[in-house]
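Please model the entire structure based on the sequences and the hints provided.
Per the working numbering, residue 5 is the first one in the sequence shown, and the count goes up by one each step.
Hints were generated in silico from the structure; no laboratory data involved.
Please read all numbers here as calculations on a predicted model, not as lab measurements.
Heads up, the beta-carbon is just placed ideally off N, CA and C, and yes, glycines get one too.
Careful: at least some of the hints might be erroneous.
If you anchor each label on the Cβ, the simulated ranges turn out as follows [as the list claims (entries may be wrong)]:
(1) Thr178 / Thr39: 27 to 35 Å
(2) Arg80 / Gln216: 19 to 27 Å
(3) Ser207 / Thr185: 20 to 28 Å
(4) Thr39 / Ile180: 31 to 39 Å
(5) Asp93 / Val19: 13 to 21 Å
(6) Asp137 / Arg80: 26 to 34 Å
(7) Gly217 / Thr24: 33 to 41 Å
Under the rule of at most 25 Å between Cα atoms (straight-line distance), these lysine-lysine pairs were calculated in the DSS-like manner [claimed, not checked]:
(8) Lys218 / Lys7
(9) Lys86 / Lys218
(10) Lys86 / Lys75
(11) Lys79 / Lys7
(12) Lys75 / Lys90
(13) Lys218 / Lys79
(14) Lys117 / Lys7
(15) Lys99 / Lys117
(16) Lys90 / Lys117
(17) Lys79 / Lys90
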Amino acid sequence: YVKELEAAGVNVIVVEDTPTPHTPDSIFPNNWFSTHSAEELADEENPADSNQPTIVLYPMFAPNRREERSKNVLKRLGEHYKTGFKQVDLTANEKENAFLEGTGSLILDRENKIAYACISPRTDEDVLDEWADSLGYDYCVFEANDANGTPIYHTNVMMCVGSRYAIVCLDAVTDIEERMTLIEVLEESGKEIFEIALDQMESFAGNMLELQGKDAN
Numbered sequence: 005y006v007k008e009l010e011a012a013g014v015n016v017i018v019v020e021d022t023p024t025p026h027t028p029d030s031i032f033p034n035n036w037f038s039t040h041s042a043e044e045l046a047d048e049e050n051p052a053d054s055n056q057p058t059i060v061l062y063p064m065f066a067p068n069r070r071e072e073r074s075k076n077v078l079k080r081l082g083e084h085y086k087t088g089f090k091q092v093d094l095t096a097n098e099k100e101n102a103f104l105e106g107t108g109s110l111i112l113d114r115e116n117k118i119a120y121a122c123i124s125p126r127t128d129e130d131v132l133d134e135w136a137d138s139l140g141y142d143y144c145v146f147e148a149n150d151a152n153g154t155p156i157y158h159t160n161v162m163m164c165v166g167s168r169y170a171i172v173c174l175d176a177v178t179d180i181e182e183r184m185t186l187i188e189v190l191e192e193s194g195k196e197i198f199e200i201a202l203d204q205m206e207s208f209a210g211n212m213l214e215l216q217g218k219d220a221n
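Right, dumping it as structure tokens:
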């Protein structure tokens, strides 16, 4: 998989897992941290040349997943960001049973600095507000359920956002007002919406990620 990505021009950082602690979900590190470039976070008061890259550490719902937070991973990222990086640590919210699980909970339109999030036990709106304030993002929140009416645990199950498009299961957003707001925010940000059905969502058709290679393709 790494070779295929690299052949497409995508830079891949590989960190080997350790036998202990036992962390069976550590293949999904996007839940415990996210990275943000200086260009992404730049604004009029803080231009890119005065910013550092930022790494955000997230509060995790499952205690065994908290064990995934690794100094080795952060060290490798520090080596990658030769200028160093700023760290935003939200993990203290675990003591309040309030969680926000990285880019599982948050679908990011990095160009427009908009985060999309369906509220669930793993996605707390108060922590989201703290995150948005730290990074200078706006956000669009809603409730989403599967075909059985069960709340969707991660937003990336039901939608993704690319540079020109959004793939989203609108039927999962049963509140019509929230659904229309979601459509409006996506369209106003210039995204073409491709709708998927509930059965497609349950086959993880919405769980995808747009990548860019070194040649910007």
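Hint check:
1. Thr178 / Thr39: 27 to 35 Å: This hint holds: roughly 33 Å between Cβ atoms.
2. Arg80 / Gln216: 19 to 27 Å: holds (21 Å)
3. Ser207 / Thr185: 20 to 28 Å: holds (26 Å)
4. Thr39 / Ile180: 31 to 39 Å: Since the Cβ atoms of Thr39 and Ile180 sit about 36 Å apart, the hinted range of 31 to 39 Å holds.
5. Asp93 / Val19: 13 to 21 Å: Taking Cβ atoms as reference, Asp93 and Val19 lie about 20 Å apart, which means the hint holds.
6. Asp137 / Arg80: 26 to 34 Å: Roughly 28 Å apart at Cβ, these two residues keep to the hinted range, so it holds.
7. Gly217 / Thr24: 33 to 41 Å: holds (36 Å)
8. Lys218 / Lys7: The given pair, whose Cα atoms are some 15 Å apart, holds under the 25 Å limit.
9. Lys86 / Lys218: Satisfied, since the Cα-Cα distance of roughly 18 Å is no more than 25 Å.
10. Lys86 / Lys75: Holds: Lys86 and Lys75 sit about 17 Å apart, inside 25 Å.
11. Lys79 / Lys7: Given pair Lys79, Lys7 holds - Cα atoms ~23 Å apart, limit 25 Å.
12. Lys75 / Lys90: holds (15 Å)
13. Lys218 / Lys79: With Cα atoms ~23 Å apart, Lys218 and Lys79 stay inside 25 Å; holds.
14. Lys117 / Lys7: violated (31 Å)
15. Lys99 / Lys117: Given that 25 Å is the threshold and the Cα spacing comes to 28 Å, the pair is violated.
16. Lys90 / Lys117: With Cα atoms ~18 Å apart, Lys90 and Lys117 stay inside 25 Å; holds.
17. Lys79 / Lys90: holds (13 Å)
Hints 14 and 15, counting from the list given before, are not met by this structure.
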